[in-house]
Amino acid sequence: MRIGVVTFPGSLDDVDAARAVRLAGGEAVSLWHADDQLYGVDAIILPGGFSYGDYLRCGAIARFAPVMESVMAAAAAGAPVLGICNGFQVLCEAHLLPGALTRNQHLHFRARDQRLQVETNRTAWTMGYTPGQEIVIPLKSGEGRYVADTATLDELERSGRVVARYVDDNPNGSMRDIAAICNEAGNVVGMMPHPEHAVDPLTGPSTDGLTVFTSVLKHLAGVAA
Amino acid sequence: MARVVVDVMLKPEILDPQGQAVANALPRLGVTGVTSVRIGRRIELEFTEPPEPETVRQLADRLLANPVIEDYTVSFVSDEEPAGEPA
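These protein sequence lines map, in sequence, to chains A and B.
Going by our numbering, the first sequence opens with residue 1, and the numbers climb by one from there.
Going by our numbering, the second sequence opens with residue 226, and the numbers climb by one from there.
Keep in mind that the hints are not guaranteed to be accurate.
[Said to hold, decoys possible] Straight-line Cα separation of at most 20 Å, SDA-like style, residue types lysine to any residue; simulated pairs: (1) B:K236 / A:G173; (2) B:K236 / A:Q105; (3) B:K236 / A:L153; (4) B:K236 / B:Y297.
Simulated from the structure, these hints should not be mistaken for lab results.
The following block holds chain B by itself, in its conformation from the complex:
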């Protein structure tokens, strides 16, 4: 088993109205001083065998992210350090 994590974020210059809506709601929790909220997507994939980096890049570039509006990063996670461990 091999786990790969793809993090997708809107490019900095693309407006994130969802993040803005969340930013506007934060003061309701009594928290001030947050200047920016950007919301992205974390995608975890499990492979039977460790995949070629180029294969994962293709998946990310063609389907998981839309490079016109989004940036992505790919991380290869070993079995010993499970991805998505709750804090």
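Extracted from the complex, chain A is given alone in its bound form:
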């Protein structure tokens, strides 16, 4: 399975995301922000970082990068798309996911190993987890506070689209402790913490993040079968 990892100017975690894909058993394909096609990849990851310097708003300029037209078309056609951190911000700016990510309530950048509860396995990127499972993966963001109006939040809860929540201590003031959400079909997931940094015991606090990448491979194998 070929998983594309997009590099925008200012992306930081594209290399780690590609490595996570390989550790999970997939083939990582580098995509450039200026590409006008996706080279036949089966799924796409928008990695963390500071695309276009986070100018204007995080993700606001990346959302109009040439490659995003193809990404949006692929997402609409059901291809799995994962946005991590800055990638989550890009997905919200592109309206592939509802709501927005704003400045942390306490104004401080937060970098720490974060405990999460995975709420649903009915997404392409979390099907390998058990609902309610607690995991620990790194979080590192200054604008990670998820906000949406009450109707949107209620709809996300009602339809089981809150994918993961912060446990113990909400690190940024995120509404309803939301750390990750998905679209209606479950193929597009946005996640503030970084599963790609928790795939190897040598460098991460756990290997809990690897399941995100094995999940999508399993999902794609199921689609192909």
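Fit chain B to the supplied structure of chain A, relying on the hints for placement.
Relative to chain A, chain B alone:
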């Protein structure tokens, strides 16, 4: 030349921690009695020809502001009254 000013503000119901931090710093200047500080963004655009209002609205709605969390106003400024004149 035509100048357009787009003012972008966080919606009233969206928390503005940056404004709060500034509000908390104001007493250090000896000024009290400020009950609220909200921080927004002013964007000045110059066009070769006066643009269609709908064109500017699209720019504001799609890129300059994020209507999920921000409100914006558009003002068309004539050459005679330059925008951003310092007080």
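Okay, the hints, checked on the actual structure:
1. B:K236 / A:G173: 17 Å, holds
2. B:K236 / A:Q105: 16 Å, holds
3. B:K236 / A:L153: Answer holds: K236 (chain B) to L153 (chain A) is near 17 Å, not above 20 Å.
4. B:K236 / B:Y297: 9 Å, holds
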